[in-house]
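Given chain A, put chains B, C and D in place with the hints provided.
Protein chains in written order, with numbering that gives the first Met the number 0: chain A, 0 to 319; chain B, 0 to 319; chain C, 0 to 319; chain D, 0 to 319.
Bear in mind the hints are in silico, worked out from the structure with no lab data behind them.
We put the CB at the ideal spot given by N, CA and C, even for glycine.
A portion of the hints provided could be inaccurate.
To be verified - Just the calculated beta-carbon pair ranges, DEER-fashion: (1) A:R231 <-> C:W149: 27 to 35 Å; (2) B:A54 <-> A:D178: 53 to 61 Å; (3) C:S208 <-> A:F41: 48 to 56 Å; (4) A:G37 <-> D:Q206: 23 to 31 Å; (5) B:E186 <-> A:R231: 34 to 42 Å.
4 protein chains.
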Amino acid sequence: MTRRVVLAYSGGHGSSAALKLLAEQADVIAVAVDFGAGDVDFCALRRRAVSEGAAEVVVVDAREEFANGYCLPALQANALVVDGHPLVASLARPLLAKHLGAVAREHDTQTVHPLTKARDVLVPNGIRVHARTPHLSTSRTLWGRSVGQWECTEDASVNLGVPDEVVVTFERGVPIAVDGETVRVAEAVQRLGHRAGAHGIGRFEGQVSHEAPGAAALIAAHRELEAITLDRDLARFKHGVDRRWAELVSDGLWVSPLRRPLDAFVRQAQESVSGEVRLVLHAGRAAAAGRHLRPVGRRYRPGTGQTPLGSTQHPNTQAS
Amino acid sequence: MTRRVVLAYSGGHGSSAALKLLAEQADVIAVAVDFGAGDVDFCALRRRAVSEGAAEVVVVDAREEFANGYCLPALQANALVVDGHPLVASLARPLLAKHLGAVAREHDTQTVHPLTKARDVLVPNGIRVHARTPHLSTSRTLWGRSVGQWECTEDASVNLGVPDEVVVTFERGVPIAVDGETVRVAEAVQRLGHRAGAHGIGRFEGQVSHEAPGAAALIAAHRELEAITLDRDLARFKHGVDRRWAELVSDGLWVSPLRRPLDAFVRQAQESVSGEVRLVLHAGRAAAAGRHLRPVGRRYRPGTGQTPLGSTQHPNTQAS
Amino acid sequence: MTRRVVLAYSGGHGSSAALKLLAEQADVIAVAVDFGAGDVDFCALRRRAVSEGAAEVVVVDAREEFANGYCLPALQANALVVDGHPLVASLARPLLAKHLGAVAREHDTQTVHPLTKARDVLVPNGIRVHARTPHLSTSRTLWGRSVGQWECTEDASVNLGVPDEVVVTFERGVPIAVDGETVRVAEAVQRLGHRAGAHGIGRFEGQVSHEAPGAAALIAAHRELEAITLDRDLARFKHGVDRRWAELVSDGLWVSPLRRPLDAFVRQAQESVSGEVRLVLHAGRAAAAGRHLRPVGRRYRPGTGQTPLGSTQHPNTQAS
Amino acid sequence: MTRRVVLAYSGGHGSSAALKLLAEQADVIAVAVDFGAGDVDFCALRRRAVSEGAAEVVVVDAREEFANGYCLPALQANALVVDGHPLVASLARPLLAKHLGAVAREHDTQTVHPLTKARDVLVPNGIRVHARTPHLSTSRTLWGRSVGQWECTEDASVNLGVPDEVVVTFERGVPIAVDGETVRVAEAVQRLGHRAGAHGIGRFEGQVSHEAPGAAALIAAHRELEAITLDRDLARFKHGVDRRWAELVSDGLWVSPLRRPLDAFVRQAQESVSGEVRLVLHAGRAAAAGRHLRPVGRRYRPGTGQTPLGSTQHPNTQAS
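Next comes chain A alone, as it looks inside the complex (with noise of 0.2 Å):
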């Protein structure tokens, strides 16, 4: 009988050369996860990788997932690593080794390839994975990407370009709505990377450079409006919860018991955080203009009169 085997397929290179080595000497389930980074045709990669000898390819679709289970909890952790860059591959790693794993467990194998970081998810769950394979991509998300060259921003300090205003809209923590228009959370963090990265933000230079335009004007509208309604002792705390969530991930330990009790302090501790940021978009920084700045009720829903965002006379403008 043949050996079956779970490929974590991305396409590059990499894992092209790995679905045909191992297609020689098992049926390989080729896995291709969507992070929603928006670019890559889904269609194409299913037929390359049968092409290239993959017994089986799966495609699982896992844009809403990481937006609302991986993004919004970085958003309400406002997880920055060190450099000060949002997270990124560290964010989506722990979900491909969930998704391998499942689809692992369906097809009764317990071999998965490559995922050489994530085997300390999956080895704990009693998946093997095998050494020496080569690194499956989980750095072109929705949340951002680790690049060689900038693909979603602008360059700043060429073209300046005329300042763009959004207004993001939060309920208990969660956007919800973008220039008063309801949105789901992976929409708003597309719809404000298009925009801040038309105007530069989200750039970090490092030894691995990141892009991460919309997560980086999310975080910093999100900042704001817990800057205005969060309790200065409950800010103050918060701010060493947020720190340890972002080391804890980017350490890569999303699998840790003690990521569940931050998580659900940080989901508390946004129970007061609602209201409008309107954001000055330009120059490479997302800067709240902060007179706009409005907590609401807790009841707040975006587009029913409650915000006249659009209106002549702007309740907003009068005080700070």
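Same frame as chain A, but now just chains B, C and D:
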């Protein structure tokens, strides 16, 4: 029309004097809250309040609410004040304030007496508090007492007695059985209190002396169980959360917006805190007989044969 | 005998009014403290104080003391307030209080005006403070300004200009050279301030706007250097210490017994923080050109050939 | 030329076996370090090492160094491990490693045996460590012991005895006198150890049992003194610093760059920790007789009449 006043009434000299004084000028609604200290005759208290001029007497049985909503979070947060004793008056005070406020609202008045220290709780809720009125005692509760002379603990340095052993069973951080017999939280505190108090456990001498044998023994058992059920990173971070919880409550900041997120963390951290702890009560100390510790599964039910505590061959004696 | 009063004198409307008022009743010793903002004519100030009735004028040159004893610890603690801007008035206020107290002791009086906010500092030291007197400005210093209109920063969103580069050299956390030229701390703040301000760096809009280009650029450089010179465990713990330092000082608790131990931690943590940081100043941002970072040995001396910054073949360009 | 090897020699079976084995292949320099446990005959140990084949025997008297450089920081940080007992082996191990390294350098060799656990300390310093060699005991020191059977504490649950009282004097966190008699740190630990051990203080049962009567009593006294001499904010923050110190050292990370900054904090925090603590030693507990606590001035000198401890009219009995 006569003015209406709500008075916290403990039956002590202070509240009697206040009642007589106020009754000359207003209709006094005397409120006596039972926090489970277990040694107050509320019928006599009621008669006495009436004889002292109360227009109405409200006795609130807050025993279960205090046990489940206040003592249990304190237990799960291992809450000790700086000198090492369990919280006493500061734990009951916000619950007293809550009930005084509720009675005031029911009786359509905003005037509440006395509660000098609870003013931090009442005032932000729109309840007026008169200064210079006697202080109501919240210092004798189910959880412990601030004492002038020892009431519920023996002197272990005089009489050692024979060591006692007791097994406490926790399910996700909630004490659910004592020696295999199912109990509610309030019962757990009482039973442990009687048995630990007999061995001088829970005495804390200081500027104000405290006595809290049940709380001290339960916290000791809970810490022992956390020591073997919590992940190291979680245990270390929780220590800081626990400290902040105790600081906040002992500072009189129960209503702080920081408390609920701390609670959420602590509660989520109890997910794995299930099992039995065998305590030896002797010579003023509650020591865990370590080798009888045993974490149990998620849906542990005491007395169902899963933990044959009374069996001849004790399964727990075999391994640590 | 005439009463003697010490008055903090800034030359603003408030302190002029106070001086005239007090001079009717007492001998006023007007004290003007130079915190290095660099735009005050102290000769004119002295003449004006005399003309307004001062019995004596004391001008204190606190520039070096402020730079070394206050700005430097703030730099080493990367001290930012919640909105992300450097500390301004709260950093100078305790030093003003110190000098007012010193002048008062020298002149054998315990009456000091005005300093409403500094009363927390003065009162515990036995100095009486009169209420309802105007507030002295400590909000224009070497380190930064609380401003009504921008004074020392250009608007980067209007005029981008050509990017500027500057190399800051630190020796154990102390900025000792700018572009290879040896400087004292105060000079480092000034030079960076001029160059960073020209690119709109260090503007912070909020309820009160702040401007602190030198502080912002130096803190950015210092953080970059710590990111590569501090051990991970140390960096993580220091982050919490830094936060507490900034909280304490912005809360007006410079004299808190907690500050010195925090300082001791921060200073000891600077042991390895030696090296150069090349900053690119442009478009409102001070970004480290990462590959030019280079930690140096214990006894680094700029300008001795160890760091041939101007040499044709730059050693730093070779590796990261 | 014969190979030269440095061997940590404790005289136990393990190190004897290792010595004999190594002596067949190399010149063995046996190193015995005295950590002040007080029950080892170093002359006999030296003879035995020679008889077992040692080419040279080095006995290091590390008692004062251990007391002042290791026990004292542990005392000032109130260092307890999670189960509540003082640090034992982890406190002595880095000092053993230091002396082994020093002997190796003096004798021009880089080969050190055995010290499996100390490899974290030795390897980064360029000292090679051979695996699979027996473990040297650092578990019997001045500060405490990891024990199979109780050695220096009585069983308080069997024999209560008559309560003992002892007065410990601290000067800036350093124990400088016991019952008014000037002592060095090592003497303070020894004296308290004898007297506290006689009352069963300092027994800690667990997977490994520990016995540390002197450390337990001194830490109890030090905490009591800190409780009345430290500012509240400082006490709260120091609690977190203390925890991190104990974590770091018990994790074997004495050489971590984080330790020195933590030490600097702790030491600076001792500035006000001067005074006397009267401990009652009885029934397994060291309890402070609270009303005898008395913080003293900066330049306190015991036995100079400033604290008439033996006088008929005790000044401390008057107030709390």
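Do the beta carbons of R231 (chain A) and W149 (chain C) sit within 27 to 35 Å of each other? Given range 27 to 35 Å: holds, Cβ gap about 28 Å.
Take the C-beta atom of A54 (chain B) and the C-beta atom of D178 (chain A), compute their distance, and say whether it sits inside 53 to 61 Å. holds, 59 Å
Supplied distance hint 48 to 56 Å, evaluated on CB atoms of S208 (chain C) and F41 (chain A): holds, 49 Å
CB of E186 (chain B) to CB of R231 (chain A), is that within 34 to 42 Å? holds, 40 Å
Measuring from beta carbon to beta carbon, are G37 (chain A) and Q206 (chain D) in 23 to 31 Å? With a Cβ separation near 54 Å, G37 (chain A) and Q206 (chain D) fall outside 23 to 31 Å, so the hint is violated.
Hint 4 from the earlier list is the only one contradicted by this structure; the remaining hints agree with it.
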